[in-house]
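Given the coordinates of chain A, assemble chain B onto it according to the supplied hints.
Listed below are the residues making up each chain.
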Amino acid sequence: AQKVTQAQTEISVVEKEDVTLDCVYETRDTTYYLFWYKQPPSGELVFLIRRNSFDEQNEISGRYSWNFQKSTSSFNFTITASQVVDSAVYFCALSENNAGNMLTFGGGTRLMVKP
Amino acid sequence: DTAVSQTPKYLVTQMGNDKSIKCEQNLGHDTMYWYKQDSKKFLKIMFSYNNKELIINETVPNRFSPKSPDKAHLNLHINSLELGDSAVYFCASSHLRQGEGDTQYFGPGTRLTVL
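In order, the protein sequences belong to chains A and B.
Counting from 1, position 87 in the first sequence corresponds to residue 87 in the working numbering; the numbering is continuous, with no gaps.
Quick note, the working numbering runs 115 ahead of the 1-based positions in the second sequence.
Just so you know, not all the hints are guaranteed correct.
Subject to a maximum C-alpha distance of 25 angstroms in a straight line, what follows is the list of computed DSS-like cross-link-like pairs (lysine-lysine) [stated by the list, open to error]:
{"no.": "1", "chain 1": "A", "residue 1": "Lys16", "chain 2": "A", "residue 2": "Lys70"}
{"no.": "2", "chain 1": "A", "residue 1": "Lys114", "chain 2": "B", "residue 2": "Lys137"}
{"no.": "3", "chain 1": "B", "residue 1": "Lys155", "chain 2": "A", "residue 2": "Lys38"}
{"no.": "4", "chain 1": "A", "residue 1": "Lys38", "chain 2": "B", "residue 2": "Lys137"}
{"no.": "5", "chain 1": "A", "residue 1": "Lys38", "chain 2": "B", "residue 2": "Lys124"}
{"no.": "6", "chain 1": "B", "residue 1": "Lys124", "chain 2": "B", "residue 2": "Lys182"}
{"no.": "7", "chain 1": "B", "residue 1": "Lys155", "chain 2": "A", "residue 2": "Lys3"}
{"no.": "8", "chain 1": "A", "residue 1": "Lys3", "chain 2": "B", "residue 2": "Lys159"}
{"no.": "9", "chain 1": "B", "residue 1": "Lys151", "chain 2": "A", "residue 2": "Lys38"}
{"no.": "10", "chain 1": "B", "residue 1": "Lys156", "chain 2": "A", "residue 2": "Lys38"}
{"no.": "11", "chain 1": "A", "residue 1": "Lys3", "chain 2": "B", "residue 2": "Lys151"}
{"no.": "12", "chain 1": "B", "residue 1": "Lys137", "chain 2": "B", "residue 2": "Lys167"}
{"no.": "13", "chain 1": "A", "residue 1": "Lys38", "chain 2": "A", "residue 2": "Lys16"}
{"no.": "14", "chain 1": "A", "residue 1": "Lys114", "chain 2": "B", "residue 2": "Lys156"}
{"no.": "15", "chain 1": "B", "residue 1": "Lys186", "chain 2": "B", "residue 2": "Lys155"}
Hints are computed from structural coordinates only; laboratory data are not their basis.
Looking at chain A on its own, in the form it has when it is part of the complex (with noise of 0.2 angstroms):
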């Protein structure tokens, strides 16, 4: 069974503050997917990333950036120099190679960003 844990549920920082969302998962497959996605208080569901089990490297993506560590089966996404626009409700999602594309979302980890 596949598993997807955000330990911290919410996080609150002040503007400008560098902030590390965790995102430990769990399964048996050797290939999957790990994807993030942002729920921003409009209720929407964004597409951040997609990673595949293959693929270690970390990435960047302006004041984005993803470690992903399958020693440790952590996917974590850090913001630098946060926003208020990046208050929102950030998911960190698994999907396996034979089980149809479903994504298995983690808790969800609500993230404050004040001026």
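Below, chain B without anything else, positioned relative to chain A:
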């Protein structure tokens, strides 16, 4: 130019009624999904259709019946609504290529409130 659209955005109804939520995607994807987000923000897959064929059916009461008239549409019909059905329902779509873990793109969600 909306990619994945859902109607209605809000649905308020009485217990025992039957209601439908419509979903359409114009991304040319062959697979569509329904997810349920409960009051604690937890997201869980309900159904998945590939080329109008059901491929994922998680443990969902048979009061919920998805219908896919074509690849671009996946509607959700709910019979005999119960209080516990109150949630936000998200439609999503993706390609489904074996071994690719294709990214799912989500609609804006439908907030269902059962009174």
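Consistency of the hints with the structure:
1. A:Lys16 to A:Lys70: Distance of about 30 angstroms is beyond 25 angstroms: violated.
2. A:Lys114 to B:Lys137: 37 angstroms, violated
3. B:Lys155 to A:Lys38: 16 angstroms, holds
4. A:Lys38 to B:Lys137: Measuring from Cα to Cα gives roughly 23 angstroms; hence the hint holds.
5. A:Lys38 to B:Lys124: 19 angstroms, holds
6. B:Lys124 to B:Lys182: Given that 25 angstroms is the threshold and the Cα spacing comes to 19 angstroms, the pair holds.
7. B:Lys155 to A:Lys3: 17 angstroms, holds
8. A:Lys3 to B:Lys159: 12 angstroms, holds
9. B:Lys151 to A:Lys38: Holds, at about 16 angstroms.
10. B:Lys156 to A:Lys38: 12 angstroms, holds
11. A:Lys3 to B:Lys151: Holds, at about 17 angstroms.
12. B:Lys137 to B:Lys167: Status holds; Cα separation ~15 angstroms.
13. A:Lys38 to A:Lys16: 19 angstroms, holds
14. A:Lys114 to B:Lys156: Roughly 22 angstroms between the alpha carbons, so the hint for Lys114 of chain A and Lys156 of chain B holds.
15. B:Lys186 to B:Lys155: 31 angstroms, violated
When held up to the earlier numbered hints, the structure conflicts with 1, 2 and 15 and fits the remainder.
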